[in-house]
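Since each chain comes alone in its own frame, lean on the hints to assemble the complex.
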Amino acid sequence: MHEMSIATSVIETAQEEQRKHPASRVTKIGLRIGEWSGVDQESLRFCFEALVSSEKDPPVLEIEYLPRQNRCPSCNRLFRLKNFEIACPECGSSVTEPVSGDEMDIAFVELEEA
Amino acid sequence: MTPVMEKVAVEKKVLSENDRVAAGLRRAFRDNGIYCVNLISSPGAGKTSLLERTLARFRPEERVAVLTGDIATDNDAQRIARFGFPTKQICTGGSCHVDARMVDRALNGWDLASLDLLLIENVGNLVCPASYDLGEEDKVVVLSTTEGEDKPLKYPATFFRASTLVLNKIDLLPFVPFNIQAARENARKVNPNIEILEVSCTTGEGLDTWCAWLWNRAMRAANDV
Chain A
1 MHEMSIATSV IETAQEEQRK HPASRVTKIG LRIGEWSGVD QESLRFCFEA
51 LVSSEKDPPV LEIEYLPRQN RCPSCNRLFR LKNFEIACPE CGSSVTEPVS
101 GDEMDIAFVE LEEA
Chain B
115 MTPVMEKVAV EKKVLSENDR VAAGLRRAFR DNGIYCVNLI SSPGAGKTSL
165 LERTLARFRP EERVAVLTGD IATDNDAQRI ARFGFPTKQI CTGGSCHVDA
215 RMVDRALNGW DLASLDLLLI ENVGNLVCPA SYDLGEEDKV VVLSTTEGED
265 KPLKYPATFF RASTLVLNKI DLLPFVPFNI QAARENARKV NPNIEILEVS
315 CTTGEGLDTW CAWLWNRAMR AANDV
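So the protein sequences, as listed, match chains A and B.
If you're matching positions, the first sequence starts at 1 in this note's numbering and goes up one per residue.
If you're matching positions, the second sequence starts at 115 in this note's numbering and goes up one per residue.
Please note: incorrect hints may appear among the correct ones.
Now the in silico label distances, taken between C-beta atoms and shown as ranges [said to hold, decoys possible]:
1. B:Val-290 with A:Pro-89: 44 to 52 Å
2. B:Ala-142 with A:Lys-20: 28 to 36 Å
3. A:Glu-90 with B:Ile-294: 27 to 35 Å
4. B:Phe-289 with A:Arg-77: 41 to 49 Å
5. A:Pro-73 with B:Leu-267: 19 to 27 Å
When the alpha-carbon atoms are kept at most 30 Å apart in a straight line, the in silico DSSO-like pairs for lysine-lysine are as follows [what the hints assert, rightly or not]:
6. B:Lys-126 with B:Lys-268
7. A:Lys-20 with B:Lys-127
8. B:Lys-268 with B:Lys-127
9. A:Lys-20 with B:Lys-202
10. A:Lys-82 with B:Lys-121
11. A:Lys-82 with B:Lys-202
12. B:Lys-202 with A:Lys-28
13. B:Lys-121 with A:Lys-56
14. A:Lys-56 with A:Lys-20
15. B:Lys-126 with A:Lys-20
16. B:Lys-121 with B:Lys-268
17. B:Lys-126 with A:Lys-56
18. A:Lys-28 with B:Lys-303
19. B:Lys-268 with A:Lys-20
20. A:Lys-56 with B:Lys-127
21. A:Lys-82 with A:Lys-56
22. B:Lys-268 with A:Lys-28
23. B:Lys-303 with B:Lys-268
24. A:Lys-82 with B:Lys-126
In short, the hints are calculated from the structure, not lab data.
Because the structure is a prediction, the values reported are computed rather than measured.
Backbone N, C-alpha and C define an ideal beta-carbon position, used for all residues, glycine too.
Here chain B stands alone, though its shape is the one from the complex (with noise of 0.2 Å):
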């Protein structure tokens, strides 16, 4: 066998590519006062629904833009452009995540002056969302009454890496075996600081409370510049 010629050390991260694009919009973000989201669920939890309740909530003025991720089809910027406000599917053509690439060539052409808060779908995956930076400021994870109240547990670094935590569908309730307390137990088990939001974008329930969150977050980031 021929002798091991050099160990190299070399340290790096697998994701350092993108770390370093993901530092980039972080740094324009901030320099724009913008307030970037990143909404991440298991498919069907109401990202986009939340979105579309969100948007219909704001002023037509309001300096707002989405962008939104799917593996196919351009359904949800169809749904989403309806309100009048900047709009980009990020098509992520089979990868099950958006990475910190497709938001800054999906982000290529627009006056980040002109924005105070973007708001970023991910695809629908409470799996690899977590490990790519977006250069956001914070991730928001949606969990539906649909679901299991254990998904905290199961997708732990999803919601240790969230700052919040939007509880949707709550109008089912009365219908579904979904224990509310077990869930806000369950995520705070594994991050103690998370916040908690509790919606139903069918009855609006709760909407008010996240849009005044979600506009006070963009405020204060506007003042920080």
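The following block holds chain A by itself, in its conformation from the complex (with noise of 0.2 Å):
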């Protein structure tokens, strides 16, 4: 529901790297956005898009999405969670710790020759 202020974040990130390269230009930025960060990917590539839109070669969205994984501190197994069952699947223990799932992170953006 927040994505258009997500859309612009992630722009303003971009454009704080692009300023320590002058004469270079964003061409992609990529980011994880995990399945529990309650980003709908859909709705942030819209927003995206309309942000950049009046761009002459507008930046690319590249969005690794992860699925919620666990991890069971008895049994060591890794799962992703069906249902929102956090119980692990293999021994029953009903605690377990979150591996991943939670991210909402810019991992990288890629700079070329203004």
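Here it is as structure tokens:
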């Protein structure tokens, strides 16, 4: 629901990187978005494209989508959550640790000579 | 095509600015012995009613303050201010959640040393508030019996991050199809450690337990300074 403010913040971060390399332009921005981040990928893409649409060569948005995975501290099993149940499917332990799925990260920015 | 000049690893959280401000708030709360709660629910679950009933039970000299978030209007702040505790409305102006900077701005000018308990009522929404740290000690999610008992499964991130679930409107249980046992089980599937309290803001049932729960935590925070 807050994808517009996220898209704005992503573009601002990319611009900060660009300013460190004055003779460059941003060609690609790489994000990591987790299943439980509360971010809708399509909506984020839509907002991003709307914000960069006035540029001649707008940057591309690359999203790596990370499923919710937990690890069981008892049996060490790494598993993808089904139906949001965090109990371990192997040994049944009810307390497992999140490994991925909360991400909302800017991984990289690709720059090219302007 | 021009060759790629550089691929720069950024490795930054999109919400890093929010997290930075929230960390500052958390430090300030800790230094001043304030227990801060972030109240989250869908619209209409009863956050404001719960706050009203809670404040009505506190003695006027208790050191409690409230920030109440809404997209528009200061109706909630007016409802809450009647109880005589410091209250400020956060108008998010279209934004679907309260963020750390809004809290920081709202607290500007308040003497934090004069508070033991800060209650933040988030915007009615079970999605985005979960992503925005406000520096709080606990996220408390309110779910009411007029909603679906599968809400914890539909909005897992919020229920996963909440330490406590308040089941509200239990006076309506005889009249609604809400299965309270299923609601408890669904919440525990997503978050086995979640603490569950049952209340009715209409009859007052469970409110003493809830207030004692809050106050114990506030006193613990005050003593930890």
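Given pair status - Lys-28 of chain A, Lys-202 of chain B, alpha carbons within 30 Å: violated (42 Å)
Against the 30 Å threshold, does the CA-CA distance of Lys-20 of chain A and Lys-202 of chain B hold or violate the hint? Violated, at roughly 41 Å.
For Glu-90 of chain A and Ile-294 of chain B, compare the CB-CB distance with the range 27 to 35 Å and indicate the outcome. Hint holds: Cβ distance 31 Å, inside 27 to 35 Å.
Assess, step by step, whether the Cα of Lys-56 of chain A is no farther than 30 Å from the Cα of Lys-127 of chain B, and give holds or violated. With Cα atoms ~28 Å apart, Lys-56 of chain A and Lys-127 of chain B stay inside 30 Å; holds.
Below or equal to 30 Å on CA atoms is what counts here, so check Lys-20 of chain A against Lys-127 of chain B. Distance of about 19 Å is within 30 Å: holds.
Satisfaction of hint between Lys-121 of chain B and Lys-82 of chain A, Cα-Cα up to 30 Å: violated (35 Å)
Satisfaction of hint between Lys-56 of chain A and Lys-82 of chain A, Cα-Cα up to 30 Å: violated (43 Å)
If you draw a straight line from the CA of Lys-126 of chain B to the CA of Lys-56 of chain A, is it 30 Å or shorter? holds (27 Å)
Below or equal to 30 Å on CA atoms is what counts here, so check Lys-126 of chain B against Lys-20 of chain A. holds (16 Å)
Is the straight-line distance between the alpha-carbon of Lys-82 of chain A and that of Lys-126 of chain B 30 Å or less? holds (29 Å)
Restraint check for Lys-268 of chain B with Lys-28 of chain A, where alpha carbons must lie at most 30 Å apart: violated (33 Å)
Check whether the Cα positions of Lys-56 of chain A and Lys-20 of chain A lie no farther apart than 30 Å. holds (21 Å)
This entry does not satisfy hints 1, 9, 10, 11, 12, 16, 18, 19, 21, 22, going by the numbered hints stated previously.
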